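Build the full structure now, drawing on both the sequences and the hints.
Taken in sequence, the protein lines are chains A and H. Position in the first sequence counted from 1, then plus 1017, gives you my numbering. Position in the second sequence counted from 1, then plus 1017, gives you my numbering.
Because the hints were derived from the structure by calculation, they are not lab data. What you are looking at is a predicted structure, and each value in this text was computed from that prediction instead of being measured. Some clues are possibly wrong.
Same chains, same names: a pair is fine if it fits in one copy or spans any two.
To be verified - Okay, derived cross-link-like pairs now, EDC-like style, lysine to aspartate or glutamate, Cα gap no bigger than 20 angstroms in a straight line:
(1) 1335 / 1218
(2) 1414 / 1403
(3) 1069 / 1034
(4) 1069 / 1038
(5) 1037 / 1078
(6) 1150 / 1402
(7) 1031 / 1078
(8) 1478 / 1347
(9) 1487 / 1410
(10) 1150 / 1132
(11) 1069 / 1080
(12) 1035 / 1496
(13) 1348 / 1078
(14) 1035 / 1078
(15) 1122 / 1034
(16) 1360 / 1466
(17) 1122 / 1038
(18) 1236 / 1277
(19) 1079 / 1038
(20) 1230 / 1160
(21) 1069 / 1303
Number of protein chains: 2
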Amino acid sequence: MAVSEQNVKETYDKLCEKLKDLSSLQGISGLLGWDEMVMMPSGAAASRGAQKAALAGVVYDKETDPELGQLLDTLRKEQKGLDEWASANIRDAHKSYVKATAIPKDLAQRIARHETDSYQAWVEARKASDFSKFAPYLQKWVDLSKEKAAFIDSTKPAYDVLLDNYEKGMTSARLDEIFVQVREGLVPLIAAIKSKIGTIDDAWVKGTYETEKQAELCKQVALDLGFNLENGRLDVSVHPFTGGTHPTDVRMTTRFKQDDLLDGLTAAVHETGHALYEQGRNLNYDGLPVNSSLSMGIHESQSLLWERMVALSLPFAKYLKPKLAAHFPEKFGGEVTAEELYKAENVVRDVSLIRVEADEVTYAMHIVLRYELERGLMDGSVKVEDLPRLWNEKMEKYLCCVPPNDAQGVLQDVHWSMGLFGYFPTYSLGAMYATQIYLRSKDAIPGLEEQIAEGEFKHLKAWLNENIHKVGSLHTSGDELMKAVTGSVLDPEVFLGYIRSKYTALYSL
Amino acid sequence: MAVSEQNVKETYDKLCEKLKDLSSLQGISGLLGWDEMVMMPSGAAASRGAQKAALAGVVYDKETDPELGQLLDTLRKEQKGLDEWASANIRDAHKSYVKATAIPKDLAQRIARHETDSYQAWVEARKASDFSKFAPYLQKWVDLSKEKAAFIDSTKPAYDVLLDNYEKGMTSARLDEIFVQVREGLVPLIAAIKSKIGTIDDAWVKGTYETEKQAELCKQVALDLGFNLENGRLDVSVHPFTGGTHPTDVRMTTRFKQDDLLDGLTAAVHETGHALYEQGRNLNYDGLPVNSSLSMGIHESQSLLWERMVALSLPFAKYLKPKLAAHFPEKFGGEVTAEELYKAENVVRDVSLIRVEADEVTYAMHIVLRYELERGLMDGSVKVEDLPRLWNEKMEKYLCCVPPNDAQGVLQDVHWSMGLFGYFPTYSLGAMYATQIYLRSKDAIPGLEEQIAEGEFKHLKAWLNENIHKVGSLHTSGDELMKAVTGSVLDPEVFLGYIRSKYTALYSL
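This is the structure:
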């Protein structure tokens, strides 16, 4: 029996109704998370746990609803009259449905139980700086993750299946290509910079900066960049993050340290980048999968575009300098130039042990190292017990420094303690996407750097809204989006070229 | 076949699991509501609406889950081995189940639609001060409410069925008894006081009070009364209210006006009373119906006990006076005595048109008036079109003043626009419960008034925790709780005696 366009439309509408309902519940889950980090009184932890579990149960039931599966099956066979956005919705909703229904309850429960145990073990192990205390928990994560991946798609390498959760459409074969190129480009550059360490003066920036004034400055900067308080909030939390419940309700947080002005400032710009991506989503497809962020890497590209390509540039230093002078006249009111500020912001440190403290040059090598290790864990070529040794060897080779202990080495990141394999690469993919996107925007927007120097960010924001934010998840991968926006898939050479030229100038290499 | 204790226990455990899950979801609903009033950015109203609807749908499905009905049926037949708390859970869960399942979907949808229309019509009518614009909407509420009541229990008067939603176990027959007594006691007293209006000086309290200082003072008072910030928050919102997600997460709000110090202060104490009831719940029965508040009237008794019986008393004025002097030395630093403060706090105004602005003497008559009218609407003895006339006649008779227009008369309250019939009486029941409970606590706690004067509230709080808060919904009605706590069902004469003696002294009647 032929299916009429009308039938397809009705089935699709039913699907959308279910997907929007699910999206609303996920928005509520976002509120619970934000509230827990920013507002919840400490004594409510247990009841909040029960609330999150109750909501997760409801969401799970809706995600695995057999009626949803039937609607998707029908629509995958016949999409007469539907446009590409609708097709993308069906495609992504089906993918989520397959993932949600693939994992047996028993495995899901074992994973949930291991989350708490493993996190605790990691906290203890890091405190004692003793990897062996965490090793058995990590081994169990490796086993559970392989088991899970096999249920989702046993025809693909386990690592690729996991990777897809964070970076849609990405594979380890493609990452190998990318990261070998990055490694070969960066390792000699880092060595060259290390020989010039100390040639840029940034000691003058050190000092004590009132946190209230930092917060005021950062709010002003976030609003200048385009963060919209009608559709969002700005609060303070222990760790900066961007959450919220919906593109019309995006909540970013910042935090400030008295003795580190630039850290709070770059974190605020970083979160603003995430927040602008969220606020910029296309409300014509509100509540549908096609309107969600494409991937973690693309999300990170938006934070890093504003943080590194914009806020760490010389034009931005020209915009920032008078603002700093107004808030902290004793430090910035005198003869400090935008050039001096720019240089101080971009200092590379001699020792780069900790990923989250790394600059834009060394950061990628922290990721390459982690990628090589976690990929090896998944395909069996790396054993858990060898991790500390391999970690330190790679640190020496890639970053010319060896961690003095496990806490500052293999135990520094929380990710593996939560079973997040395939997550790390997205940080560096984000940095590379950011460079490529930014360079394209510079071609598209005449006088962009002059605009930045004058504090006019609206053209860049509008361009990102149009080309990245509103496009949501229409494409199937970061590469596809890059192709659509910049004319080429991700090209690490663009990133390497940017880094080389910037730091050759800064360090007179 | 005989049912073993073990079977009963297992069935009961299953019931509790479902009820706790439901309670967690209701807690989430509390968070959505609080957030909307206190935190949500304005542009998020539409998405929040969708989130609330999605969650309401989930809650409805769980409330009407046939498995829940089966568990309840089984347990209502056999409760071998269960204690009185378990029985109360079964009793109240069954009552909620019957109510949730009684109303046909079609009627529920008509009610939901009318909520928005009617509220808008009321806003417009009040703005135009024209009752006729609201009359058809009110008539529809009367019809819908009768229809709804008949579905829940067609053997009882519609008004009694509605009343039970707010004041469990209360009937209109009992309210008639109570309110006739209140009316006969208060009307002559009010007339007597009116002849002495102006004999208490409170002009000196008027002035401008910095709101930040008011907030600081009120926070101190709330903490002194026993509000626990480990299990709650204190914020500012347009209308003060107490919400939250759980007894370990109680969120109260206050608001302050520069030109009205006492208003913000009494509102803060009022909300603290609600909050202490919430924080005081018995966590042994966490998430179960027996652990919820007994009724709106009992909830209000806790806010009014602290607001009126404690904070408007002379001993409290002794505690408060030095605090006021510390925060507002220009006004309270001089020769003002606690007695003068006490008198100023308890002034009765000549004209009492607006319920929410009424003092503790006239307040009850505003309620008697509304009760008589809404009861008449339900039994057909009062016609919607006659409301403005009847309202004004009763105002003159009970409160010696006539509203100049509908906006300040019959249109002043939002309740009827939302179809809330049977809600008003709980305010006055709360005041009467409060008096009776407070007088009992005074007998039970030697030196209570001296403690209050010294700012020591912990014994009173502990007594209320033990006798009211922890008891939750164990009893079937406010009367039953009153009997258990004070030895007698609600006795309006206790309230009248308190009012008479206090105001006879204040106004030298």
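Checked hints:
Taking the closest pair of Cα atoms, residue 1335 and residue 1218 come within 20 angstroms of each other only inside a single copy of the chain (18 angstroms); across copies the shortest separation is 63 angstroms, beyond that limit. When the C-alpha separation of residue 1414 and residue 1403 is checked against a cutoff of 20 angstroms, the pair qualifies only within one copy, where the shortest distance is 17 angstroms, while the shortest distance between copies is 90 angstroms. Taking CA atoms no more than 20 angstroms apart as the test, residue 1069 paired with residue 1034 passes between copies only; the shortest distance there is 15 angstroms, against 23 angstroms inside one copy. For the identical chains of this complex, residue 1069 and residue 1038 are neighbours both inside a copy (17 angstroms) and across copies (10 angstroms), given an alpha-carbon limit of 20 angstroms.
Both within a single protomer and between protomers do residue 1037 and residue 1078 lie at most 20 angstroms apart by alpha-carbon distance, with minima of 15 angstroms and 18 angstroms respectively. For the homomeric pair residue 1150 and residue 1402, the shortest alpha-carbon distance inside one copy (11 angstroms) is at most 20 angstroms, but the shortest distance between copies (78 angstroms) is not. Taking the closest pair of Cα atoms, residue 1031 and residue 1078 come within 20 angstroms of each other both inside a single copy (17 angstroms) and across two copies (19 angstroms). With identical chains, the CA atoms of residue 1478 and residue 1347 are never at most 20 angstroms apart, being 33 angstroms at best within one copy and 52 angstroms at best between copies.
For a Cα distance limit of 20 angstroms, the shortest separation of residue 1487 from residue 1410 qualifies neither inside one copy, at 44 angstroms, nor across copies, at 61 angstroms. Taking the closest pair of Cα atoms, residue 1150 and residue 1132 come within 20 angstroms of each other only inside a single copy of the chain (16 angstroms); across copies the shortest separation is 59 angstroms, beyond that limit. For the identical chains of this complex, residue 1069 and residue 1080 are neighbours both inside a copy (16 angstroms) and across copies (19 angstroms), given an alpha-carbon limit of 20 angstroms. When the C-alpha separation of residue 1035 and residue 1496 is checked against a cutoff of 20 angstroms, the pair qualifies neither within a copy, at 30 angstroms, nor between copies, at 47 angstroms.
For a Cα distance limit of 20 angstroms, the shortest separation of residue 1348 from residue 1078 qualifies neither inside one copy, at 57 angstroms, nor across copies, at 61 angstroms. Proximity of residue 1035 to residue 1078 under the C-alpha cut-off of 20 angstroms is found in both arrangements, the shortest distances being 12 angstroms within a copy and 15 angstroms between copies. In the homo-oligomer, the alpha carbons of residue 1122 and residue 1034 lie at most 20 angstroms apart only across protomers (19 angstroms), although the nearest pairing inside one protomer, at 26 angstroms, exceeds that limit. Taking the shortest Cα distances, residue 1360 and residue 1466 sit within 20 angstroms of each other inside one copy (17 angstroms), while across copies they are farther apart (69 angstroms).
Proximity of residue 1122 to residue 1038 under the C-alpha cut-off of 20 angstroms is restricted to the inter-copy arrangement: shortest distance 19 angstroms between copies versus 23 angstroms within a copy. Taking the shortest Cα distances, residue 1236 and residue 1277 sit within 20 angstroms of each other inside one copy (17 angstroms), while across copies they are farther apart (33 angstroms). Taking the shortest alpha-carbon separations for residue 1079 and residue 1038, both the intra-copy value of 9 angstroms and the inter-copy value of 16 angstroms come in at or below 20 angstroms. For a Cα distance limit of 20 angstroms, the shortest separation of residue 1230 from residue 1160 qualifies neither inside one copy, at 49 angstroms, nor across copies, at 59 angstroms.
Taking the shortest alpha-carbon separations for residue 1069 and residue 1303, only the inter-copy value of 16 angstroms comes in at or below 20 angstroms, while the best intra-copy value is 24 angstroms.
In this structure, the earlier hints numbered 8, 9, 12, 13 and 20 are contradicted, and the remaining ones agree with it.
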